[in-house]
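Trainee: Listed here are the chains, written in short residue letters.
Number of protein chains: 2
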Amino acid sequence: MVYIGIDLGATNIAVGVVSEDGKILYQKEAPTKAERQWQPVVRDMAAISMSALSEAGYDLDDLKAVGMGVPGICVDGAIPFCTNLGWHDVPIERAFREYIDKPLFVDNDATVAGLAEAVSGVSASVSNSVFLTLGTGVGGGIILNKKPYSGSHGVGSELGHMTILADGEMCTCGKRGCLERYASATAMIRMGIEAMREHPQSELFTLTEGDPSRMTAKIVIDAAKAGDSAAREIFDIYIKYLSLGINTVISFIDPEMIVLGGGVSRAGAFLLDAVRNELPKYIFFRTMPYASVELARLGNEAGIIGAAMLGRD
Amino acid sequence: MVYIGIDLGATNIAVGVVSEDGKILYQKEAPTKAERQWQPVVRDMAAISMSALSEAGYDLDDLKAVGMGVPGICVDGAIPFCTNLGWHDVPIERAFREYIDKPLFVDNDATVAGLAEAVSGVSASVSNSVFLTLGTGVGGGIILNKKPYSGSHGVGSELGHMTILADGEMCTCGKRGCLERYASATAMIRMGIEAMREHPQSELFTLTEGDPSRMTAKIVIDAAKAGDSAAREIFDIYIKYLSLGINTVISFIDPEMIVLGGGVSRAGAFLLDAVRNELPKYIFFRTMPYASVELARLGNEAGIIGAAMLGRD
Numbered sequence: 008m009v010y011i012g013i014d015l016g017a018t019n020i021a022v023g024v025v026s027e028d029g030k031i032l033y034q035k036e037a038p039t040k041a042e043r044q045w046q047p048v049v050r051d052m053a054a055i056s057m058s059a060l061s062e063a064g065y066d067l068d069d070l071k072a073v074g075m076g077v078p079g080i081c082v083d084g085a086i087p088f089c090t091n092l093g094w095h096d097v098p099i100e101r102a103f104r105e106y107i108d109k110p111l112f113v114d115n116d117a118t119v120a121g122l123a124e125a126v127s128g129v130s131a132s133v134s135n136s137v138f139l140t141l142g143t144g145v146g147g148g149i150i151l152n153k154k155p156y157s158g159s160h161g162v163g164s165e166l167g168h169m170t171i172l173a174d175g176e177m178c179t180c181g182k183r184g185c186l187e188r189y190a191s192a193t194a195m196i197r198m199g200i201e202a203m204r205e206h207p208q209s210e211l212f213t214l215t216e217g218d219p220s221r222m223t224a225k226i227v228i229d230a231a232k233a234g235d236s237a238a239r240e241i242f243d244i245y246i247k248y249l250s251l252g253i254n255t256v257i258s259f260i261d262p263e264m265i266v267l268g269g270g271v272s273r274a275g276a277f278l279l280d281a282v283r284n285e286l287p288k289y290i291f292f293r294t295m296p297y298a299s300v301e302l303a304r305l306g307n308e309a310g311i312i313g314a315a316m317l318g319r320d
Numbered sequence: 008m009v010y011i012g013i014d015l016g017a018t019n020i021a022v023g024v025v026s027e028d029g030k031i032l033y034q035k036e037a038p039t040k041a042e043r044q045w046q047p048v049v050r051d052m053a054a055i056s057m058s059a060l061s062e063a064g065y066d067l068d069d070l071k072a073v074g075m076g077v078p079g080i081c082v083d084g085a086i087p088f089c090t091n092l093g094w095h096d097v098p099i100e101r102a103f104r105e106y107i108d109k110p111l112f113v114d115n116d117a118t119v120a121g122l123a124e125a126v127s128g129v130s131a132s133v134s135n136s137v138f139l140t141l142g143t144g145v146g147g148g149i150i151l152n153k154k155p156y157s158g159s160h161g162v163g164s165e166l167g168h169m170t171i172l173a174d175g176e177m178c179t180c181g182k183r184g185c186l187e188r189y190a191s192a193t194a195m196i197r198m199g200i201e202a203m204r205e206h207p208q209s210e211l212f213t214l215t216e217g218d219p220s221r222m223t224a225k226i227v228i229d230a231a232k233a234g235d236s237a238a239r240e241i242f243d244i245y246i247k248y249l250s251l252g253i254n255t256v257i258s259f260i261d262p263e264m265i266v267l268g269g270g271v272s273r274a275g276a277f278l279l280d281a282v283r284n285e286l287p288k289y290i291f292f293r294t295m296p297y298a299s300v301e302l303a304r305l306g307n308e309a310g311i312i313g314a315a316m317l318g319r320d
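Chains as they are written, first to last, in the working numbering: chain A, 8 to 320; chain B, 8 to 320.
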């Protein structure tokens, strides 16, 4: 038996045929065209799934379940919000099963990526882990006893929206000072643009040719790596807030491992070493064992693998 | 069969004989005399337990297990820290079982109080709840599937030490801006003393006769209730930070209910109504169902009942 894993993003729909042990056997993708209504997007997801299954040499009798990771939440078979896609109250389960009538499991994309790492990635050796995606926003995935945990009403694990600085930067969620405002790629870009204006002699200015719209998290990180002092200052602030957020995760649910994924995690050891160095300053029981911090290993495949694994367990 | 529940505090040792369904059948207490070494304190806990059992009409054959709530954490049968008692690496399980050789279960006092409410208090009707003690500090108890959750290394549910205001007030834990610095009785006293000095015409000054050492959370609350503007301002700030902390709990593990206990919760409906009014401002998925906020019901008995129930499950 095999599983279909669907990674629904604002840009692409990625679909994989996945084995029982979490390996991608076959994969294909197509543009989401998120400007469309949800109905043709759902139809496309089903069509790509069917052709992936067939091209991989399987048919519906071999398919045990379909899983889907979405940039939103899913409660009782429906997606109340999916902001990046402009979706609102989409009856995803009913709609998708009109095309492929197999058990469908839908969860948040960060939760799904966390599950993938827990099944066949860096956190495969532990039972309890927390995944943090450091991307446009900050997403969270909580895995307890190897199972994704989304709370009693499906609104949990929104770790990017913990308040870390009351009355701080305004967040897209409507309140101020969320972790996401300080630990996302977007935060690094915001600070990069501010610093570029203040320090026209810095690498931040040179690398963007003075154009704020060219600022990226990668530019800030590369400039910090190269020793640019303005960029290093931003990076240090970023690491401080990220470590404060990680410390709250530890004080809260004390997982065995915290996994960093998303665009900023591509900074690799430069990011990881900095976090591992900063975090102990904030730990409450600092002489006791606590969660290790690691980098995600599965990259873009995590979305497909984790989605497929939703249906396995 | 009955259970012994021991509530070990810095001031008193309270012991109860508790029935299978979480009712206190008999209760007695004695001063902790925390200035002593840990050995005589453990001996006293065992002696009080034995006499309570006997005075309640039971003997050791009727005793199924002993539970203990401590103002610290317990890992692998030992208490690494218990700051209020000056304890460090106390082998509690081995030491106590030299006196009473029954299964012993030890957990943090806030976790224990949360379990008590989940067994026979306000959260008895739900499976997942989070208990917040608003006292000298802010303690947290996480109950998932009716069981206390203390994390993978026993260092979780320290909800008072989530960072709510980076670079804010220095906390006893060594880092700045913990929730505890803004949502404890201690925080209310700190703000009360500051306001008393700035507003000598306020009720805060009158009720303390201008003596900062007389300031209590009750004075701030009573003055706020009476309409004193300086006290009302403190109360509003307190409610704001507490609500931000509660919102993080919801964004994180999305429980069915959040229970407020500890000294400040004696403000009753005045506190509860204010929190319920403030909280929706911060909720991420505000149109979706989320945790209700309630007051603890068991009061001082929670420590005994919850401790006893550690041994039941």
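Hints may contain errors.
[Stated by the list, open to error] Interface residues of chain A toward chain B, partial, derived using beta-carbon atoms under 8 Å:
no., residue
1, W45
2, P47
3, H160
[As the list claims (entries may be wrong)] Reference listing, derived: stretches of chain B covered by chain A, where coverage requires no fewer than 3 residues with Cβ under 8 Å from a Cβ of chain A:
no., segment
4, 81–89
5, 155–168
6, 248–260
7, 295–303
Because the hints were derived from the structure by calculation, they are not lab data. Note that CB positions come from ideal geometry on N, CA and C, so glycine has one too.
Trainee: Does each hint fit the structure? Answer for all of them.
Mentor: Evaluated hints:
no.	hint	verdict
1	W45	18 Å, violated
2	P47	26 Å, violated
3	H160	5 Å, holds
4	81–89	holds (count 3)
5	155–168	holds (count 12)
6	248–260	holds (count 9)
7	295–303	holds (count 4)
In terms of the numbered hints stated before, the structure departs from hints 1, 2, listed from lowest to highest.
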